[in-house]
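Got chain A; can you put chains B, C, D, E and F on it based on the hints?
Number of protein chains: 6
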Amino acid sequence: MGKKIITIGEIMMRMNTPEHLRFSQADTYHVTYGGAEANVAISLAQFGLETSHVTAFPDNDLGTKASSYLRQNGLDTQFVYFREGRMGLYFLENGSMQRASRIIYDRFDSAFANFDGNEIDWDLVFEGASWFHWTGITPAISQKAADLLLKALKVASSKGLTISADINYRRNLWQYGKGPLDIMPELIRYSHVIVAGSSDFENCMDIKVNDWADACFQAKSDFPNIRYITKTKRESISASHNRLKGILWNGKEVLKSKTYEITHIVDRVGGGDAFIAGLIYGLLHTDDQVALEFATAASVLKHSIPGDANLVKVEEVFDLVHDKNVGKLLR
Amino acid sequence: MGKKIITIGEIMMRMNTPEHLRFSQADTYHVTYGGAEANVAISLAQFGLETSHVTAFPDNDLGTKASSYLRQNGLDTQFVYFREGRMGLYFLENGSMQRASRIIYDRFDSAFANFDGNEIDWDLVFEGASWFHWTGITPAISQKAADLLLKALKVASSKGLTISADINYRRNLWQYGKGPLDIMPELIRYSHVIVAGSSDFENCMDIKVNDWADACFQAKSDFPNIRYITKTKRESISASHNRLKGILWNGKEVLKSKTYEITHIVDRVGGGDAFIAGLIYGLLHTDDQVALEFATAASVLKHSIPGDANLVKVEEVFDLVHDKNVGKLLR
Amino acid sequence: MGKKIITIGEIMMRMNTPEHLRFSQADTYHVTYGGAEANVAISLAQFGLETSHVTAFPDNDLGTKASSYLRQNGLDTQFVYFREGRMGLYFLENGSMQRASRIIYDRFDSAFANFDGNEIDWDLVFEGASWFHWTGITPAISQKAADLLLKALKVASSKGLTISADINYRRNLWQYGKGPLDIMPELIRYSHVIVAGSSDFENCMDIKVNDWADACFQAKSDFPNIRYITKTKRESISASHNRLKGILWNGKEVLKSKTYEITHIVDRVGGGDAFIAGLIYGLLHTDDQVALEFATAASVLKHSIPGDANLVKVEEVFDLVHDKNVGKLLR
Amino acid sequence: MGKKIITIGEIMMRMNTPEHLRFSQADTYHVTYGGAEANVAISLAQFGLETSHVTAFPDNDLGTKASSYLRQNGLDTQFVYFREGRMGLYFLENGSMQRASRIIYDRFDSAFANFDGNEIDWDLVFEGASWFHWTGITPAISQKAADLLLKALKVASSKGLTISADINYRRNLWQYGKGPLDIMPELIRYSHVIVAGSSDFENCMDIKVNDWADACFQAKSDFPNIRYITKTKRESISASHNRLKGILWNGKEVLKSKTYEITHIVDRVGGGDAFIAGLIYGLLHTDDQVALEFATAASVLKHSIPGDANLVKVEEVFDLVHDKNVGKLLR
Amino acid sequence: MGKKIITIGEIMMRMNTPEHLRFSQADTYHVTYGGAEANVAISLAQFGLETSHVTAFPDNDLGTKASSYLRQNGLDTQFVYFREGRMGLYFLENGSMQRASRIIYDRFDSAFANFDGNEIDWDLVFEGASWFHWTGITPAISQKAADLLLKALKVASSKGLTISADINYRRNLWQYGKGPLDIMPELIRYSHVIVAGSSDFENCMDIKVNDWADACFQAKSDFPNIRYITKTKRESISASHNRLKGILWNGKEVLKSKTYEITHIVDRVGGGDAFIAGLIYGLLHTDDQVALEFATAASVLKHSIPGDANLVKVEEVFDLVHDKNVGKLLR
Amino acid sequence: MGKKIITIGEIMMRMNTPEHLRFSQADTYHVTYGGAEANVAISLAQFGLETSHVTAFPDNDLGTKASSYLRQNGLDTQFVYFREGRMGLYFLENGSMQRASRIIYDRFDSAFANFDGNEIDWDLVFEGASWFHWTGITPAISQKAADLLLKALKVASSKGLTISADINYRRNLWQYGKGPLDIMPELIRYSHVIVAGSSDFENCMDIKVNDWADACFQAKSDFPNIRYITKTKRESISASHNRLKGILWNGKEVLKSKTYEITHIVDRVGGGDAFIAGLIYGLLHTDDQVALEFATAASVLKHSIPGDANLVKVEEVFDLVHDKNVGKLLR
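Chains as they are written, first to last, in this note's numbering: chain A, 9 to 339; chain B, 9 to 339; chain C, 9 to 339; chain D, 9 to 339; chain E, 9 to 339; chain F, 9 to 339.
Treat the hints with care, as some may be off.
[To be verified] The following label-pair restraints were derived from C-beta to C-beta distances: (1) E:Ser206 / F:Glu92: 26 to 32 Å; (2) A:Lys321 / D:Lys260: 35 to 41 Å; (3) E:Asn218 / C:Gly185: 50 to 56 Å; (4) D:Asp35 / F:Glu92: 23 to 29 Å; (5) F:Asp222 / C:Ala221: 58 to 64 Å; (6) B:Leu132 / C:Ile111: 43 to 49 Å; (7) B:Arg339 / E:Gly259: 29 to 35 Å.
If you're looking for bench data, these hints aren't it; they were derived computationally from the structure.
Glycine is no exception: its CB is placed at the ideal position from the N, C-alpha and C atoms.
Just chain A, with the same shape it has in the complex (with noise of 0.2 Å):
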């Protein structure tokens, strides 16, 4: 069995002030795309892994765009569809010192909101690949998003692959009529790797959590099929400067990366789901520690680089993981 890994989710175009503009001061924005599981997909892209990102997108020269984004960062777009539709905007303000960053989402009824993909053929989908990872934003979108995401569910695990899920409760969506205790325990009961921090608990698997340890316990009694669940933990000092370590339980017990100083950030969007594709990554190499280092590492490195995605070499993350050319001069 290969290492193709397969994700799905809505991609949205990324409007970005420039420099350190306000909103009210750009009269230019820099475009880029980005999603949570497309971002996931592009960084094990780079790490050289097969992956295939199925997604929806206006059928007009925006999704075109948006497609050939996904193309020239190595995804296999095969399972992308061109429907009626919008695309999914979201403006965002860098923070810089002790000003935040600013989101604008504009992502209601977009194409993916209202894709059905009822032609998609899931066994081709999965063909050839060990893991599926998904979040909890796309079930939060609408009802079809939410019935197309348990489809693929249902089929990756009856193949066996290996699941992965970033819960990332987000108040803002679930706008549709259900609410995230409808819809997403049974979507989390086919997964294996689960990303969870406390509101996520409380809020979509129902866990009440003091300690952190104890919830993961609770978790696996109630959800079986997790192996692992794991967060970050993050400071921010400032919008120029976090501090940042992961965190990973592996059934037994909880294991903690480096802290990392981030200072002088550049973009933090993103810095999430380069922990994960790092942790995928760490957890099919690896073993768990030498994974949740790789995942922390790749996910300070993601700050450096402007845009949703985390365009690093496993090179380079092993790099700072052994505290090697950190910063230097290479020629």
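Just chains B, C, D, E and F, lined up with the frame of chain A:
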């Protein structure tokens, strides 16, 4: 009675690809703002007239920025409202040579479309105003927008303002269950100056057109308030080269302006709005023929300016009318 | 009585080199506008207060553009006058690391310097206003500017406005034959809130300073209208890293704010103006200590924003005061 | 048999001065990628055909980026190889008005020039393909490149593909000890569609040209596989204004397309490649005359697009062929 | 005797709006430098001649940068002086289509205007020089500048240099109490080659012009040193389309150059200076008619280049004279 | 004897990705120029010393532009030669945070590498010069470059110039069949001031290093001309944060400078060259300890400036040495 002009209508955020890039090439967008009615108001403000625009924006930083664009260009914004909802958008790829320009609209469900304007004090809005301008885009957006406009027209009419209307029939709008013939005739009934080509006559006024002048007389008979009907005639040799003249029926005869060769076009969006603004200015200050020449010259100059709005002064327009300083270097 | 704020003073066109380029490297300049008093007014407008600025610009497109900058940022510009003369300019090279920032002024003989303002209806200017703010830069520019300011102060005083003054002693100005001690004491006499460090006390108020608190009491005795004296204390570790706190003498005691580490500075110009705007807002809305904390936090946030003006909202400042959302990603 | 198209050839990094700047003025370069054969493949991919390009890039980040450019524009890159060596470069100064455009090549000793391709499985390359396109640039680069191409031609021929060749004689290449007459005739022998002007006939096919039609018949007699010979006729009024038509000899007669005035040229590089791509598409889908009109219109549209590649769709080309929507604003 | 050329005059910092933006739209300015005489010198330096320019800049980083611009473009700067004062500026809005270009000057009280040049060793300046070029702008700036120029002319004349003068009458200058007829005749008396149109003859040489050729003979009689009088004839169809020819009276007859259609103009500023530089080069190297054709072709090419200076080589100009490579793509 | 400084060496075109973009993201490159020796010369020119650089560029517009860069920054370019061949290039991706900076060189077979310099009149080159600086990069490029340098050293030595050498061992160069130990000792023999770390001692001087001071004494014994040996010690906390001090052995003892925290690094390329330039200036003007402090402070300031060259003035460096105006806003 002063010469304050009132306009109403949606303003969209305009995202256009820089230089000659296609949508598929652009990673940066220039952002400005445009809406047929606000374009007219801004042009009139550059001519030195007092103008106030009635609209609604989303209650977020994008809305604030759009409003500051109106202030920056001289409009009074005391009747700009901030409401829940999204900003209407349009994406623009400027054509060049034989390649056409392309617009992708993304304007449904905007804050303006959902704005009922119940809190507007229309007496205050029209206080000291002599002219009200609207377009057929507003009633095409939503029932609420159509109702809002009707309310405004009734007050404006009762206060004796001159009312102008750019029929501007757009097939892609009118998605809310009503057709133009359900709505437009009642609105047109209040109006004295009409911008209408054949498609407008047929779709919005139920007048079949063999000869435009005949149609004008028919319109006058169906809508007795009408005093002027106008349009431009544009030949498109290429995206960089158009030929333009203005035509004005003044109840008696059809006047024609000079014909202009417009080569090396910079931005043709808003050319029609510039014409109307020129005509309003002209009708307020001079005779019919000069007004028409002024309107056409104003429209020609718009093609040299990036963005939707015609940022030229009265003297510049008259210089072109009088063939003075054309393309010179003025020190 | 409303809370409208009136300010007066010159606005210069600011040309700054992009990114970290030195003057010797730059072939492009970013253009914005700045002036100590208008910076205060713009900041107050962002806080939601009504503000009107009195100034003169050259009667050409550069003046028009500068005026539209004020409108864009929320100021009332009915008391902006267009006169013969030139636009004051300043060229800015932003420092970084240990390298200092540099300003080259080119502001002599500006339209404002030659403006006598005889046509100003000062009663109209101050109608509905509660606060008047001026700085020591205005009387340092020219005799006409000093006279204009004195006239304004007399009216403002007679109408019972609160008057604040940023002494802001600049050795390079005062070129028209008068020294600060010839002019400033009379002007300060009208003022209630004073921004003054040791150099200001000595050069403009003829008060020798051993201890700043003592000097404040002395000032109160010399200028009995004074109720508050304030200043910031800035330590410059590098151009990218400062340490800042605010200090306020309220007639009784010296209050101090939290001290902030400001690293990754984007633009420190206007930091003092942001402090004063914050203090004015604070004194109008809260108690002395909170006002001081608000002022200092406002100044800190300014350092994260390109340009002279502090484009932040009240909630953002209070968030920083309360150590909330600092440097977070707000969705 | 499907319609997959195979191309082979070097892709260079193209560095062009922005706007109208001369080499002596530019401190910034726009980077894109181009190569005669890949340009053809990308254009065909935009037309909706499956295309795969065979090439070699340096095994560094510049090579990776170039390859991602191909993927982004729709090419299959499974036959892109990464090898030691450098990236071929070309520097471009776009002309304007009477000033000519200038290219400085820096392409010697590239990874492609030194690539022997021994590991290529040519059966796999041509699997499912119906057309193979090559140009005279490849055998002019190096002996290895000439050998590689010959190998490809033999396999393509044995599998019955249609083979097209753009002779494209370049005096500045051919530096490795062989002349075009040593190499080209053998390669041309395999080809069915030939792009050749007088200089190509003389230098690469040893055919003296008095009359182009006569030369075509002679070529057919010397190279019996030839079915079509084509060229464009370009008049250069200025760098901003050309006149273009296409010419096609189909074994029986010489067909001519409409002549186009091309004013306001944006970028003429790749105009010939766009023509060939159009002709291939046309010959695969329509009759000879329409194919020629399609090819010429495609080439015209290329001149409006920055970069080497013709990013237009089939409908856009047919619109121009049918004089529809020319230079319009399409909403 | 070598062919070193000496020029004298002010250089201003030129701030121009990017692309086609109006002053009211620009938030960024492109910065370059220009002055009628230095423009001539730079053009001659590109032609391969040795040139040295005499001027004064402010003694700050802006002056240093301006001087480095001269060096960068090949001038000898040993006679550039740094003095107290400001940099002369001009703001440029490039026109397009029918919209005129606009310049706002801000050059009064510059370092050059206040420079008496007492320390200049004129013998050293003119050592090895064969030609001295000045314009009527210098004596129009200030009494000091007029005196400085007169001193230079006396030395140049005594050393037998050829002296050329572009009369270049500018009504907006001449603000220091003298009129052109007070000053210019004495200066013109030293000159051999004169650029003069009707307005120049009348305002600076007191010669009424009915017929330009007659005026030339009259000028020769009034100023016996004159050998050549020249001018260009420019028709302005639009800012993007001019028609240009050169005219040269050589003491005997009036020669005319080819007439050029100049469409798609990039930047017309400096077109006259390019003509003069071309004429100087031509008179130094060829016969009268060829010199005139060379001058006109040089001026045409200037219009394709952003900035004041004509950055073209001798071969490029001769190519245009001979209608060779016009608008081609040169590889 | 004057203080003219002569340097020799290749200058490359430097293409660096804008802002923080990775190679894989950049579609635009900023272009500047750099070479270890020219960087030193430019820095010395900014300090007010006369400098002349000997090099060869390709005989095309890229070479001309590179030469104009040298002139622009104050170098004498009379010994710059234009020859057939290509321009050496390097591509730079600036790191940030923990992410390293990366350089891709593309410098083989450059015009300089193939330049034998037979036509150079070395007596003229060194006329009036007091110092000659070279680096170990030049002899590593090609046999011709090594021979050229040796010739220069012989003349410089015979004329009694002080000679400094930055050993600068680069493993990736030295591809022409000779190793550093074949070539370097002879060259070092002529030199008085040496920049050498452990790797340089071992690879180029055949001195094993346990203790750097011991190695210095050993070097003195092996190469009796040596008077000073120097190096910097850099700690790389991240790409944005380094720690730097300078070290100088003066034949008697090892001196150390202050240690600087360098945070918010803008561009670290050329930091070593800035140090050497500072040291040369210091040794020419002050005592050993001050020279070392000057050199280190100069290097620190370089990190704040984009590009290879240290564009700072003597006063700025001394200000930092004396902890004056550090990071201030200088008006």
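Status of each hint after checking the structure:
Our hint of 26 to 32 Å for serine 206 of chain E and glutamate 92 of chain F is violated, since their Cβ atoms are close to 52 Å apart. Between lysine 321 of chain A and lysine 260 of chain D, the C-beta spacing of about 57 Å breaks the proposed range 35 to 41 Å. Under the hint 50 to 56 Å, the C-beta atoms of asparagine 218 of chain E and glycine 185 of chain C, about 54 Å apart, fit the expected range. Between aspartate 35 of chain D and glutamate 92 of chain F the CB atoms are about 26 Å apart, so this pair conforms to the stated range of 23 to 29 Å.
Hint check: aspartate 222 of chain F to alanine 221 of chain C, Cβ distance near 59 Å, so the stated range 58 to 64 Å holds. Range check, leucine 132 of chain B to isoleucine 111 of chain C: Cβ separation about 46 Å, and the 43 to 49 Å hint holds. Remark: the range hint 29 to 35 Å for arginine 339 of chain B to glycine 259 of chain E is upheld by a beta-carbon distance near 32 Å.
Hints 1, 2 from the earlier list are contradicted by this structure; the remaining hints agree with it.
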